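Count the sequence shown with our numbering and you get residues 1 to 278, in order.
Derived by calculation from the structure, the hints in this document are not laboratory data. In this text, all values refer to a predicted model and were calculated from it rather than measured experimentally. We put the CB at the ideal spot given by N, CA and C, even for glycine. Watch out, some of these pointers could steer you wrong.
Cβ pair distances, simulated, as ranges [stated by the list, open to error]:
no. : residue 1 : residue 2 : range
1   : S260      : P115      : 32 to 38 Å
2   : Q193      : W216      : 27 to 33 Å
3   : R152      : P199      : 36 to 42 Å
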Amino acid sequence: MSTAKPRVLLVTDLAYQARGRRYCDEDIRLSARLREDFDVALCHPLDAASLMDAFDVVLVRNSGPVLNYPAEYEAFRDRALARGTRVHNQLTGRADMAGKQYLLDLSAAGYPVIPTIDRAEDLARLPVVPDYVVKPKLGADSIGLRIVPRDRLAAVEYDGVLVQPLIRFVYEVSFYFVDDAFQYALHAPDPGQRWRLVPYEATAADLEFARRFIAWNSIEHGIQRVDACRTPEGELLLVELEDLNPYLSLDLVAEATQDSFVAALKASLRTMATAPRP
Numbered sequence: 001m002s003t004a005k006p007r008v009l010l011v012t013d014l015a016y017q018a019r020g021r022r023y024c025d026e027d028i029r030l031s032a033r034l035r036e037d038f039d040v041a042l043c044h045p046l047d048a049a050s051l052m053d054a055f056d057v058v059l060v061r062n063s064g065p066v067l068n069y070p071a072e073y074e075a076f077r078d079r080a081l082a083r084g085t086r087v088h089n090q091l092t093g094r095a096d097m098a099g100k101q102y103l104l105d106l107s108a109a110g111y112p113v114i115p116t117i118d119r120a121e122d123l124a125r126l127p128v129v130p131d132y133v134v135k136p137k138l139g140a141d142s143i144g145l146r147i148v149p150r151d152r153l154a155a156v157e158y159d160g161v162l163v164q165p166l167i168r169f170v171y172e173v174s175f176y177f178v179d180d181a182f183q184y185a186l187h188a189p190d191p192g193q194r195w196r197l198v199p200y201e202a203t204a205a206d207l208e209f210a211r212r213f214i215a216w217n218s219i220e221h222g223i224q225r226v227d228a229c230r231t232p233e234g235e236l237l238l239v240e241l242e243d244l245n246p247y248l249s250l251d252l253v254a255e256a257t258q259d260s261f262v263a264a265l266k267a268s269l270r271t272m273a274t275a276p277r278p
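Given the sequences, and given the hints that come with them, work out the whole structure.
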């Protein structure tokens with residue numbers, strides 16, 4: 001029996017400058033843990049398509065917003081799908097991986113999502129508030145996001161953008177999953193400090209909320225982050241379902257939680273590496 005370790009290509013942009021986070025530190029530490037069980041190589045997202053054939057699994061991690069290289073990302077997806085490359089997260093995601101259309105779809109289907117529209121004629125479906133958020137359907141990291149007062153909404157051009165009410169929430173909270181298994185939660189007690197996170201003890205109701213979106217997205221193997229806000233009335237509303245390359249904030253959780261997360265990720269990668277190619 002062969003004792004060779006499965007080969008993992010970890011796709012990351014170690015030079016990407018994120019606001020309030022150091023992507024490179026997280027991926028350096030995570031790759032060190034994965035080397036315990038896998039042969040691991042790191043590469044920039046622009047090199048992934050040309051290198052991936054030599055690996056059993058391609059693990060997309062902190063690779064930065066793909067809107068910075070849309071043509072190359074589409075070429076990577078097309079090549080991976082054509083060759084049956086095992087990509088983690090699987091490329092079947094219906095959330096941020098495919099743009100922000102899912103916010104419209106989920107809102108129309110009655111899911112607990114911040115009300116979202118993309119047509120001027122649907123403005124009546126939004127609550128009356130002082131300000132609104134206008135953001136690109138293909139946005140990431142708040143790129144292109146702007147706040148528009150209600151009296152200036154008529155000037156908004158609905159060309160590839162979404163409009164939502166600016167929610168005056170109590171706090172934001174994120175739930176982290178590997179495959180369909182919940183791992184941990186973090187929240188930002190100060191609404192003005194999105195990335196000043198602390199551990200959060202999720203309730204049964206919180207997890208029921210988050211799992212609805214994980215089940216809807218139906219990714220069998222991957223890391224997903226469900227971002228939500230808590231309204232003054234106590235309701236959770238979905239802000240974002242990150243299913244492409246969610247930042248994990250692993251350095252903010254206890255060592256035992258980190259170990260549990262890494263073990264879950266290893267198991268998911270191992271299952272993918274040994275599965276028949278699609």
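Cross-check of the supplied hints:
no.	hint	in the structure
1	S260 to P115: 32 to 38 Å	holds, 36 Å
2	Q193 to W216: 27 to 33 Å	holds, 29 Å
3	R152 to P199: 36 to 42 Å	holds, 40 Å
Violated hints: none; the structure is consistent with every hint.
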